[in-house]
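Engineer: For the protein sequence lines, the chains are X and D, in the order given. Under the working numbering, think of the first position of the first sequence as 1, with each following residue one higher. Under the working numbering, think of the first position of the second sequence as 1, with each following residue one higher.
Quick caveat, the hints were computed from the structure, so don't treat them as lab data. Just so you know, even glycine gets a beta-carbon here, dropped at the ideal spot from N, CA and C. Hints should not be assumed to be uniformly reliable.
To be verified - Computed, partial: chain D to chain X, Cβ under 10 Å:
| hint | residue |
| --- | --- |
| 1 | 70 |
| 2 | 75 |
| 3 | 79 |
| 4 | 92 |
| 5 | 93 |
| 6 | 94 |
| 7 | 127 |
| 8 | 139 |
| 9 | 184 |
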Amino acid sequence: MQTFTMVLEEIWTSLFMWFFYALIPCLLTDEVAILPAPQNLSVLSTNMKHLLMWSPVIVPGETVYYSVEYQGEYESLYASHIWIPSSWCSLTEGPECDVTDDITATVPYNLRVRATLGSQTSAWSILKHPFNRNSTILTPPGMEITKDGFHLVIELDDLGPQFEFLVAYWRREPGAEEHVKMVRSGGIPVHLETMEPGAAYCVKAQAFVKAIGRYSAFSQTECVEVQGEAIPLVLALFAFVGFMLILVVVPLFVWKMGRLLQYSCCPVVVLPDTLKITNSPQKLISCRREEVDACATAVMSPEELLRAWIS
Amino acid sequence: MCTKGAFPHRSACSLPLTCVYTYIVCVPVLWGSVPWGMKLHCVSLWLLGTILMLCSVDNHGLRRCLISTDMHHIEESFQEIKRAIQAKDTFPNVTILSTLETLQIIKPLDVCCVTKNLLAFYVDRVFKDHQEPNPKILRKISSIANSFLYMQKTLRQCQEQRQCHCRQEATNVTRVIHDNYDQLEVRSAAIKSLGELDIFLAWIAKNHEVTSSA
């Protein structure tokens, strides 16, 4: 009887212990790995802007924060325990991180992310294939072609200090030579050529990133045309003729007016004494003919002359 | 009649017209009419010209090895931490890269070897021996270290096409720098070498014709 009880007790203890040990993993998992690590890490890189993205960790009613760390090829070879916190994503909300300022050399970089919720942190999730910035997608640059009078001016999109641009332009006529100009940075209008009137000019551009030694594709060709100079030439001719006429006519007119004014308002010419009329006109008329003849033929003495004159 | 560079010629009245190439006939005749003294002079000048051309092509090629490196960014990164690094230097009167300043006399033939050795010096010794606690400075040092790694790769590709012989002078220069480094305690030596990065960067820019895109 006692043996039977003892055996039952042993079986009961074993069952209890077995049940307890079976429960331990469930209890443990409940405490530690509640927060899953972010999945599906990928990098989208366009025009040297690198964006690390992942699937968000959903916890209903809670905001999950993420931390990003990176490791260059140098660290992975010589100091594999060193991971550097990302410049902008120490505790970020969205399921993405701009790692452009972290990826500063053209070598493969390892990237890792983990989720944080209050005091809980998930395991690190590492990017499957290290990211090298020379795999960035380079798009053809946006450009604006303008005419400033006869000047062909181009303004390219500002893509940052790492970008230079190769601009090709030519006259749209058979056998025309293609010119190439290097533009060091975008966002500034640059003069390409002084156009000849009546001709069409075409322009296309491509971006170049010196740090990775790669070119983008060429942008769509854009052409502009300059109107011929015929009409303005005629106008200029008329203007010149008119000017010459004015140059001749105006002094002539001024001189003529001067003369008119001179004769109409300036003082009259003074008569000499001999032509002045001091006596009345009757006396002049009554001067007889004989006296006039006598005066004319005889040579009189001064007294006789005086007497004749007085009478 | 005849193609360009040839003229019709009849050797004798009975023979038909044949096409004679100018360079086959005229050049040897002209050369034969030149006096011996002038011939020697011409040949020596030609030899000198060829040697000079080969040398310049060779050097020019090596000098353009690091042309695609973004030196401006590396210099900028260093400028931001220069003061902090140099402030930690406990032996201001000693220099490790001193030989570089006086080594404006490094010949063009030695530039490739010295660059290769000094890059390896920094990557294999200096950056490894320095433990940086400040995350901001660590970020910049990491940027420079990874850029040096890229430069080593670029230089190696360049060397595959052109030879990068290490002559005795170049090896001596490298050995002196390593000896200077070994004379100091490791941490001090590493900090001092980091502080002298501007000397090394300026030397690279000058000798590899790298234009910084400012």
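Engineer: Does each hint fit the structure? Answer for all of them.
Structural biologist: Checked hints:
1. The interface hint given for residue 70/D is met, as the beta carbon of that residue sits about 4 Å from the closest beta carbon of chain X, less than 10 Å.
2. A distance limit of 10 Å between C-beta atoms decides the matter here; for residue 75/D the minimum to chain X is near 13 Å, and the interface restraint is violated.
3. A hinted interface residue such as residue 79/D counts as satisfied when its beta carbon comes closer than 10 Å to some beta carbon of chain X; here the least separation is about 14 Å, so the hint is violated.
4. Among the interface hints, the one on residue 92/D is violated; its C-beta lies about 28 Å from the nearest C-beta in chain X, farther than the 10 Å criterion.
5. A cut of 10 Å between beta carbons decides the hint on residue 93/D: the least distance to chain X is about 30 Å, and the hint is violated.
6. Hint status for residue 94/D relative to chain X: violated, with the closest Cβ pair at about 26 Å, above 10 Å.
7. Against a cut-off of 10 Å between C-beta atoms, the interface hint on residue 127/D holds, since the closest Cβ of chain X lies about 7 Å away.
8. Below 10 Å, beta-carbon pairs count as interface contacts, and residue 139/D has one with chain X at about 6 Å; its hint therefore holds.
9. At about 21 Å, the closest approach between the beta carbon of residue 184/D and any beta carbon in chain X exceeds 10 Å, and the interface hint on this residue is violated.
In summary, the structure is inconsistent with hints 2, 3, 4, 5, 6, 9 from the numbered list given earlier, while agreeing with the others.
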